[in-house]
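Novice: Just so you know, we're using my numbering here: the sequence shown kicks off at 1 and counts up by one.
A couple of the hints might just be wrong.
Once the Cα atoms are required to be at most 20 angstroms apart in a straight line, the calculated SDA-like pairs of lysine to any residue come out as [unchecked claim]: (1) Lys41 - Leu98; (2) Lys65 - Glu50; (3) Lys57 - Gly44; (4) Lys57 - Phe104; (5) Lys84 - Glu50; (6) Lys65 - Leu51; (7) Lys80 - Asp96; (8) Lys43 - Phe74; (9) Lys73 - Ala89; (10) Lys80 - Glu50; (11) Lys43 - Lys73; (12) Lys43 - Thr31; (13) Lys43 - Lys17; (14) Lys57 - Val32; (15) Lys80 - Phe104; (16) Lys43 - Trp15; (17) Lys73 - Cys97; (18) Lys73 - Leu46; (19) Lys73 - Thr61; (20) Lys84 - Leu51; (21) Lys43 - Asn87; (22) Lys43 - Lys57; (23) Lys25 - Lys41; (24) Lys26 - Lys43; (25) Lys57 - Trp15; (26) Lys17 - Thr31; (27) Lys80 - Phe48; (28) Lys65 - Asn47; (29) Lys65 - Thr53; (30) Lys73 - Asp96; (31) Lys65 - Pro83.
If you're looking for bench data, these hints aren't it; they were derived computationally from the structure.
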Amino acid sequence: MTTPKLDKQGLSQVWSKAVENFASKKELTDTVSQAVSGVYKFKGCLNFAELPTEGMKAGDTYNVKDEFETTEKFVDGAGKTYPKGTNVAYTGDGWDCLAGIYDFSGFLMKDDLVNITAEEIDAICVMPTTE
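When you get a sec, could you build the whole thing from the sequences and use the hints?
Specialist: This is the structure:
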């Protein structure tokens, strides 16, 4: 089987083959629509206070422009703080924070490591004596 080119004629061939597997074009269209209905739909950027409270559909996704604390309308519950730039998506049951920005400033970087002497290692790794 050869793969059609992704030009207008090739896509038309793909569509025609797909339609053959369904009772009608409507059935195919409905199946495709249902399959992609769970996909995230980017709705824009807004401040947390502007996040919709009604009329949302599963997949509606926003970039929140300010730091915020979750409320009871979030799937993980209230009281978690997220930084500006966090994306939130509506699941159908509540808002879900997709990812935030993680602060790694408290971690030691490779360039911060220094060699230590055998004596320093011995002082750190004291083995208990058995008597």
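Novice: Decide, hint by hint, whether the structure agrees.
Specialist: A quick look at each hint next to the structure:
A distance of roughly 13 angstroms separates the Cα atoms of Lys41 and Leu98; the hinted pair therefore holds under the 20 angstroms criterion. In summary, the hint linking Lys65 to Glu50 is supported, as the alpha carbons are separated by about 10 angstroms, within the 20 angstroms threshold. For the suggested pair Lys57 and Gly44, the alpha carbons sit about 14 angstroms apart, so the restraint of at most 20 angstroms is met. Taking the CA atoms of Lys57 and Phe104, the gap is near 34 angstroms; set against the 20 angstroms cutoff, the hint is violated.
Between Lys84 and Glu50 the CA atoms are separated by roughly 14 angstroms; this keeps the pair inside 20 angstroms, and the hint holds. Taking the CA atoms of Lys65 and Leu51, the gap is about 11 angstroms. The hint holds against a cut of 20 angstroms. Under the criterion of a C-alpha separation no larger than 20 angstroms, the hint pairing Lys80 with Asp96 is consistent with the structure, at around 12 angstroms. Under the criterion of a C-alpha separation no larger than 20 angstroms, the hint pairing Lys43 with Phe74 is consistent with the structure, at around 18 angstroms.
A distance of roughly 12 angstroms separates the Cα atoms of Lys73 and Ala89; the hinted pair therefore holds under the 20 angstroms criterion. For the hint linking Lys80 to Glu50, the alpha-carbon distance of about 18 angstroms falls within 20 angstroms, and the restraint holds. Of the pairs offered as hints, the one joining Lys43 and Lys73 holds, with about 18 angstroms between alpha carbons and a cut-off of 20 angstroms not exceeded. For the given pair, Lys43 sits about 24 angstroms from Thr31 by alpha-carbon distance, which is inconsistent with the 20 angstroms threshold.
The straight-line distance between the Cα atoms of Lys43 and Lys17 is roughly 33 angstroms, outside the 20 angstroms bound, and the hint therefore fails. Annotation: proposed proximity of Lys57 to Val32 holds, straight-line Cα distance about 17 angstroms (limit 20 angstroms). Distance check on the hinted pair: Lys80 and Phe104 sit about 18 angstroms apart at the alpha-carbon level, within 20 angstroms; holds. Our distance criterion of 20 angstroms between C-alpha atoms is broken by Lys43 and Trp15, whose separation comes to about 29 angstroms.
In summary, the hint linking Lys73 to Cys97 is supported, as the alpha carbons are separated by about 11 angstroms, within the 20 angstroms threshold. Our distance criterion of 20 angstroms between C-alpha atoms is met by Lys73 and Leu46, whose separation comes to about 17 angstroms. About 15 angstroms separates the Cα atoms of Lys73 and Thr61, which keeps this hinted pair within 20 angstroms; it holds. In summary, the hint linking Lys84 to Leu51 is supported, as the alpha carbons are separated by about 13 angstroms, within the 20 angstroms threshold.
With a C-alpha separation of about 11 angstroms, the suggested pairing of Lys43 with Asn87 holds against the 20 angstroms cut-off. A threshold of 20 angstroms between alpha carbons decides the hint, and for Lys43 with Lys57 the separation of about 11 angstroms falls inside it, so the pair holds. Taking the CA atoms of Lys25 and Lys41, the gap is about 24 angstroms. The hint is violated against a cut of 20 angstroms. The suggested pairing of Lys26 with Lys43 is violated, with an alpha-carbon distance near 27 angstroms, which exceeds 20 angstroms.
Of the supplied pair hints, the one linking Lys57 and Trp15 is violated, its CA atoms being roughly 28 angstroms apart against a limit of 20 angstroms. For the proposed pair Lys17 and Thr31, the alpha carbon gap of about 15 angstroms is at most 20 angstroms, so the pair holds. For the given pair, Lys80 sits about 13 angstroms from Phe48 by alpha-carbon distance, which is consistent with the 20 angstroms threshold. Straight-line distance between C-alpha atoms of Lys65 and Asn47 comes to about 5 angstroms, which keeps the hinted pair within the 20 angstroms bound.
With a C-alpha separation of about 17 angstroms, the suggested pairing of Lys65 with Thr53 holds against the 20 angstroms cut-off. A hinted pair counts as satisfied when its Cα atoms are at most 20 angstroms apart, and Lys73 with Asp96 qualifies at roughly 9 angstroms. Only pairs whose Cα atoms come within 20 angstroms are accepted, and Lys65 paired with Pro83 is accepted, the gap being roughly 9 angstroms.
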